[in-house]
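Chemist: So you can see what is in the structure, the chains are spelled out below.
Protein chains: 2
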Amino acid sequence: MARSCGATMASWQETAQKKRDYVRSQIPKEWLLEETPEDASNAYEYLNKVLPKDETEIVHKSLLQLQKDIKDKKLSSYEITKAFCHRAALAHQLINCCAEIFFDRALARAKELDEYYQATGELKGPLHGLPISLKDQINLEGLDSSIGYVSLAFKPKTKEDTSVIAEILYDAGAVFYVKTTVPMAMMAVDTYSNLYGQTVNAFNNKLSSGGSSGGESSLIGCRGALIGLSTDIGGSIRVPATFQGLYAIRGCTGRLPYCKVMNSYANQPIVPSVIGPSAQNLEDLEFFVKLIIDSKPWLKDPKCPPIEWRQVQLPERLTVGIMKNNGYITPHPPVQRGLQLIVDKLKAAGHEVIEWEHPIPVQTLKDNLGKIFVADGYGETKREVAKTGEPIIPQLLGFSDDLEEIGVTEHWEQGKTKYETQQAYDKAWLSKTGPSGRTMDCFISAAWETTSYPAGKYKPYHCSYTYPANYLDYTSVIMPVTSVSEEDNVAADYTALNADDEDNKHLWDYDLFKGMPVCAQIHCLRYEEEKAIKIAGVVSEALKQ
Amino acid sequence: MARSCGATMASWQETAQKKRDYVRSQIPKEWLLEETPEDASNAYEYLNKVLPKDETEIVHKSLLQLQKDIKDKKLSSYEITKAFCHRAALAHQLINCCAEIFFDRALARAKELDEYYQATGELKGPLHGLPISLKDQINLEGLDSSIGYVSLAFKPKTKEDTSVIAEILYDAGAVFYVKTTVPMAMMAVDTYSNLYGQTVNAFNNKLSSGGSSGGESSLIGCRGALIGLSTDIGGSIRVPATFQGLYAIRGCTGRLPYCKVMNSYANQPIVPSVIGPSAQNLEDLEFFVKLIIDSKPWLKDPKCPPIEWRQVQLPERLTVGIMKNNGYITPHPPVQRGLQLIVDKLKAAGHEVIEWEHPIPVQTLKDNLGKIFVADGYGETKREVAKTGEPIIPQLLGFSDDLEEIGVTEHWEQGKTKYETQQAYDKAWLSKTGPSGRTMDCFISAAWETTSYPAGKYKPYHCSYTYPANYLDYTSVIMPVTSVSEEDNVAADYTALNADDEDNKHLWDYDLFKGMPVCAQIHCLRYEEEKAIKIAGVVSEALKQ
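Taken in sequence, the protein lines are chains A and B. Position one of the first sequence corresponds to residue 1 (the numbering used here), numbered consecutively onward. Position one of the second sequence corresponds to residue 1 (the numbering used here), numbered consecutively onward.
Note that these hints are calculated values from the structure, not bench results. Keep in mind that a hint or two might mislead.
Dumping the calculated BS3-like pairs for lysine-lysine here, alpha-carbon to alpha-carbon at most 25 Å [claimed, not checked]: (1) B:Lys-111 <-> B:Lys-124; (2) A:Lys-300 <-> B:Lys-416; (3) B:Lys-111 <-> A:Lys-159; (4) A:Lys-296 <-> B:Lys-111; (5) B:Lys-124 <-> B:Lys-82.
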């Protein structure tokens, strides 16, 4: 129903429906599904079955392979782009992952790039002709950046609004074709909004895709994208990457340019959100991060420190901390098994593995960050939803009706507490050595205590494995380890640490999570992106042995 | 008179007197002046006259020369330290520049270092035995960091409070011997506090030493120190360095570690204060900054980005922007002449010199920064002075009784405005090229429109030459160019741009400023400390031709 301020004003429901219809209308008719197929609860597997074999082959290649195929003229950008558009179109109809679809633009760009290469023998750049997906907060001319609000639908961005990082990728030859769904304000670890509804997991439509970059990761999980950009202020890159078994990096503040990327609470200065890729392959991830840094983003974004890409030489024998339990929530059996696998394989490969516990209770880290998130009493969100009358989504982190904005003095105290906590944590880390006497290179923990949870059922104890990297501004890389399999068909027979842990224990259900990817999280110190990626490579290699 | 809350409580006047007496009591009796000498209005010259010749010779050497003299056993640390202590003791009695005096400790440390070198043949580090002065906010065990408040007198810091940067210098072999005066809250560009009174200029006791690091710069100006640490949030390193004709650097946020340095509004996150040295010699300044960065401060201070010291190769022909007037306040004749000297000499040396104007009105930059400074309504200062009843000093930047604390939403908007301004300014800079087509390497302007002003007589239009580097977080190096001489014995015959400029014009008085140093300010982009120092070297060389 329309709100009272004018007969011509659409209700939020009408606007949202119109936007969803518009997105669907951008899918070519021949790619539309009449109805949701019954055998598509695992979208990834379903797409492998129904899509043309040559397309399935293309989307399973790595970015670096496709780069080579274009260079060698084995594949055209048009063929590659079309394969990803087709797969993304179907994926969207199964898991509801796209906020914007603009295949026409993408295919026209791909054709143009092909013609350029044909005519000149030169590539536009290292991403020449390669499709890249973007979370629905990266601004492109002529498209919305809704960040999950109905009020921002049908408010297309101008050329001047274009995100710096999108310009960098475009100049390197990238082809953009979709923007992916996010929850309201992107302040949730599930992906649900009144605008787009629920985005579900690529491998199980009963489960959450994670959030806030759930659209991005579930699309990549389905192989509807090679690599794409997400953002993270409390786990928003890492949670969906984990739920979809991807490689992903939460680099440190400003390492990659956030300039002109739409954001909630964009100017909250104590713990800023960061931007980074999620991908199917570690090599692709490294290539992509390096490419952006090599473009000298500090000349385009005043918030980027001028830290060039550094070649890292890892020691032959790493000293790896393992945190099997953060002292608050115990990981589910498959996640525990994944961590033990890492321990065993790293030891077998000759690395030094030591135990690591948070020197500060994780609840403190989590609570302190949570307070920063609600410093304005969710005023921005309240103002934004008031524009259309849409309700606040239940997943909003730490939301409560009676929150109030704080003054700068209290906010500065929050900054002080964070800084002192960083000092204390760094000190504990830097004095932690293995039997060899070497300082701990990284510590590895779960990225999440489970492999997902039922879509829409976020629990407030979640995020205790992701918040510390945000609060401390540590580098964090997510990597796949294994998947939930017969070995995990056991009861969660540990003693819960507290009521939240007990609750999480009850969430364990082998039949529900069967087949889901299991990931781990590698933490390095601040601005050690290159090192964290290299360590992920070492762990990955060890796991193959 | 004592305040009402207890007969035993001292009035702020009593506490301040007690503190000043205590500082004086730390001077050996034989170094005490009975009364202020009549011929000491220029403290620097007076000290040259009255101090032993060998000491005068020592204090006129550079840090690098003294480093070599110690290494070559031509001088001991004890001899050097004693020469600086003696000179600082007398300087303090003339210009009131010391907040803490601890010669006993310094001489004991020097002796210890001499013995160590004697015994082992090894130096403790690159600063072995060299005296370093510190602004009264750098924490050392057993000493106050008053930051200009009576309430903080007789509140000695503990070992755990020790500033990270002091530890780095100490570990490199430095000898600390004095801490230097600051104005209340260090939010003033003159150096006056109820605790210590007025600090005056090294060369003219009628004139201001500048602020907030007036104690530091006036002590170095008198050659009572070689090099020392100051801080800068609106000009506090640069203003006093300019008034005393020093080299100094305002590096970018976090380039040098501020961790555990006492500060006002320490956790205001939008435009943080930075720490950096002032010195008599550019080579000393470069050596000192490099030494601190080489110690990897990012492992000790979470706010430091890990940017190693970079060797910079300047082009043979620099493209230098010159800003002769910031469009708001016209520099006094000697400052204008200094800038013209630079233009002429750089051109003669084959460099490209182009005109540069702020792409954004300087009043906007200045007003925006001013609003950030008073975000908490000067609440912290009001609370601090309430502890003793001392009055607010009139020099406090932007203070007014009816200021009120703002909420986080407004504060975040201030951050947004700053960020957008940085983007716009960077863009204008990076698209500014000389006739050669090269992008502008730096721009040079006045650091202050005058060469000082009568002590205690701060005018609210000041700081328009210093605030931009803080607001934009640009690198800034101060360097001496010339001094006020007969050529400047002219009327200020320009047409004032506005009432403030008219007022400043009336301040010009050749007889008052005669002999004062004239400095210039070199601005480079963010985190270009190495480049800015190298350019200062090029300008310095050109000026010698």
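Chemist: Would you mind marking each hint as holding or not holding in the structure?
Modeler: Status of the hints after comparison with the structure:
1. Using a Cα cut-off of 25 Å, the hinted pair Lys-111 (chain B) and Lys-124 (chain B) holds, with the two alpha carbons roughly 13 Å apart.
2. Restraint check: the Cα-Cα separation between Lys-300 (chain A) and Lys-416 (chain B) comes to about 16 Å, which is no more than 25 Å; the hinted pair holds.
3. Taking the CA atoms of Lys-111 (chain B) and Lys-159 (chain A), the gap is about 67 Å. The hint is violated against a cut of 25 Å.
4. A threshold of 25 Å between alpha carbons decides the hint, and for Lys-296 (chain A) with Lys-111 (chain B) the separation of about 49 Å lies outside it, so the pair is violated.
5. Proximity of Lys-124 (chain B) to Lys-82 (chain B) is assessed by CA-CA distance (about 19 Å); at most 25 Å being required, the pair is judged to hold.
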